[in-house]
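K.L.:
Spelled out, the chains give:
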Amino acid sequence: MAKPALHARDKLAFLLALVPYLMDHGSVRVADAARHFGVDEDQIRESVRLIAVSGVPGETSSYQHEDLFDIDWDAFEQDDEIVITHLVAIDDSPRFSAREAAALIAGLQYLSSLPEQADRDVLGSLMSKLALGSTGRPSEVAVGSSQADSALALIRNSVAAGNQIEFDYLNSRGESEKRRVDPLRIQSLDQDWYLRGWDHLREAVRTFRLDRMSNLDVTDEPISHHAGEIPLSESLFESSESDLEVVVELPEDAIGMIADYLTSDAPVPARNGRSRVTLHVAHDHGLKRLIAGLSGVVTVISPDTARVRVADWAQAALDRYAGEIDAQ
Amino acid sequence: MPDPTEAATPRVAVEERLFSLVLALLATEQGLTKSEILSTVQGYRQRYSSSGGNANLERQFERDKDDIRELGIPLETVEAPGDPGNNQLTRYRIPKGEYDLPKELTFSPAEIAMLSLAATVWRQGSLSGESRRAILKLRSLGIESDEPVIGYAPRVRIRESSFEPLRQALERHTVVEFPYLKPGESTAKTRTVAPLALVQHHGRWHLSAHDLTVGDKRTFLLSRIVGPVATVQRTWTPPETGGHAERSLNDLDALWASQRAVIRVEPGTDAATRLTKRASVSDSGTLELHYTDVDVLADELAAYGPEVLVESPQRLRDAVVSRHVRTVRTHRGGTGASRG
Chain A
211 MAKPALHARD KLAFLLALVP YLMDHGSVRV ADAARHFGVD EDQIRESVRL IAVSGVPGET
271 SSYQHEDLFD IDWDAFEQDD EIVITHLVAI DDSPRFSARE AAALIAGLQY LSSLPEQADR
331 DVLGSLMSKL ALGSTGRPSE VAVGSSQADS ALALIRNSVA AGNQIEFDYL NSRGESEKRR
391 VDPLRIQSLD QDWYLRGWDH LREAVRTFRL DRMSNLDVTD EPISHHAGEI PLSESLFESS
451 ESDLEVVVEL PEDAIGMIAD YLTSDAPVPA RNGRSRVTLH VAHDHGLKRL IAGLSGVVTV
511 ISPDTARVRV ADWAQAALDR YAGEIDAQ
Chain B
88 MPDPTEAATP RVAVEERLFS LVLALLATEQ GLTKSEILST VQGYRQRYSS SGGNANLERQ
148 FERDKDDIRE LGIPLETVEA PGDPGNNQLT RYRIPKGEYD LPKELTFSPA EIAMLSLAAT
208 VWRQGSLSGE SRRAILKLRS LGIESDEPVI GYAPRVRIRE SSFEPLRQAL ERHTVVEFPY
268 LKPGESTAKT RTVAPLALVQ HHGRWHLSAH DLTVGDKRTF LLSRIVGPVA TVQRTWTPPE
328 TGGHAERSLN DLDALWASQR AVIRVEPGTD AATRLTKRAS VSDSGTLELH YTDVDVLADE
388 LAAYGPEVLV ESPQRLRDAV VSRHVRTVRT HRGGTGASRG
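For the record, the sequence lines run as chains A and B. Here the numbering used here = 1-based position in the first sequence + 210. Here the numbering used here = 1-based position in the second sequence + 87.
Just chain A, with the same shape it has in the complex (with noise of 0.2 angstroms):
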């Protein structure tokens, strides 16, 4: 039952908003209408219908003509255009709700460590006008700004430029390699930023983290290849033929902090109410780095391969700390 209510609840806000955008614009063509709302033509016609014969009850409770709205359906029927002739009710955008001001609010927080946003006051002065436009107060949900990395302006103004970049890139095996990249989109986790681009030393699309870049160059070069032409996947990480595939298990609550590798495959049930899972990583250098942050919740099963590395790791930590270990 939920499902249908909020499919409702939502075409309703949409009537709400093409009424006061109609009326605005005396005029409107279908198709200008469905492009500036991102939606489909069929959506417009179909809500443009339903206003065209909705209205109040009015004095004699009984919705006669001058209760409804009207529209010119001559040109609504063989033009295309919409042109609202009578209003009822409504002639103004709605607010927002306390909800939808603070999930607008929380977001510009989020981007405000972007080099875009360099003028606070200009952020200050729009979150006020959401909070103006609200309902309510908007509820407490806030994001605290990440540290910009310094690398973020220049990787900006290079795509913006359009210009190759190079940069020492240190793979997660640990070496250092020369990359050149077009960069394509900067993309963010969090407080975690990466580059999405073409690489010219792999001949693909690679994403890089940049906190492992150093010593970065704009240079003059031009792109060759662009965003437009280049599928970017929408996820972060993508798998390739040549990853590992590796089975561990953890708390099945826990399943979330792992979403990143997951394979398709469901959850197996274990002991204990753990589940087995299987992960995709690209090598075992990177499986005991992400197995070492999360000792004592995922355990690798198998392979052994994997299994060793990650002891390894660990145990080349402790060697260490060698003097307080055997002091105890």
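You may find that some hints are simply not true.
[To be verified] Below, computed lysine to any residue pairings styled on SDA-like, alpha-carbon distance capped at 25 angstroms: (1) A/339 / B/190; (2) A/388 / A/378; (3) B/269 / B/240; (4) B/304 / B/329; (5) A/221 / B/148; (6) A/339 / B/199.
It is worth saying that the hints were derived from the structure and are not from the lab.
Chain A is fixed; fit chain B onto it per the hints.
P.N.:
Quick look at chain B alone, frame taken from chain A:
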């Protein structure tokens, strides 16, 4: 149960009924009673029986009111002056002044573009739907957006399943309880709290709440809530003043600034490249890092394995060492499954 009148009358789509209800309630100055609404408004009147027995329809009206309020539409209830509590006489209306976006509120094309980008930050959960609806309302102003801010795909994730129920409790001022597992303790304790704010600080979601057991404000990491969030059948009166989210972020910032760890990193390693960028002081491989939570930092540093050696504080050093000991123990030998 099938409604006998339904077959005879054409079905009115849900959105048409909701739209008609909003229009009717906006058009009325003094408000409409429930029976006026059910007997005259499109979508109800077709199913209304003048001889009574409209219980289904009344329940429908209650749900519709909730749906409309969910959109932020200020649907008001006006009690009859002489007879408060008599819900047959209660009137419903939507005051136009509180429905309309204030006229003086204008947005520039550049602002619309920035707000559209802000909306894309949320990809899942209720925040995503709500920011999409806010953008829809902005579009209704008819302002053409500047070119979209290209080249960015910013995302904030909400991975903790406790987020949505806590956010709902925050809105409705309900008291909740949840099992909370403090690091170093083997069993979770049930905490009973009145939520004040949800904030993401350095990539992690925190709940700021009034803890009813200790009678004071506490901050909880959502990742340590290890079971379902249950609503306690009790509401509470929130303090008059807002700003809890901002205060909570400031408190976390202050905590971050006051706590310092000293670590050594191996030159040329991943740890050296990444942690040096974050260090407040860096001197030939010895770094000073600020942090908010010793166990969160310990997890992060443990991932670097032998690339990092913690010097101080002792608690952090112990936490990292015990993680490595546990990792070795659970990964040495045959399948160490479920042994640890």
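K.L.:
For every hint, state whether the structure bears it out.
P.N.:
These are the hints, each one checked on the structure:
1. Restraint check for residue 339 of chain A and residue 190 of chain B: satisfied, since their Cα atoms lie roughly 12 angstroms apart, inside the 25 angstroms limit.
2. Taking the CA atoms of residue 388 of chain A and residue 378 of chain A, the gap is near 5 angstroms; set against the 25 angstroms cutoff, the hint holds.
3. A distance of roughly 34 angstroms separates the Cα atoms of residue 269 of chain B and residue 240 of chain B; the hinted pair therefore is violated under the 25 angstroms criterion.
4. For the given pair, residue 304 of chain B sits about 15 angstroms from residue 329 of chain B by alpha-carbon distance, which is consistent with the 25 angstroms threshold.
5. Pair hint residue 221 of chain A plus residue 148 of chain B holds up; C-alpha atoms about 18 angstroms apart against a cutoff of 25 angstroms.
6. With a C-alpha separation of about 12 angstroms, the suggested pairing of residue 339 of chain A with residue 199 of chain B holds against the 25 angstroms cut-off.
The structure fails hint 3 only (numbered hints given earlier).
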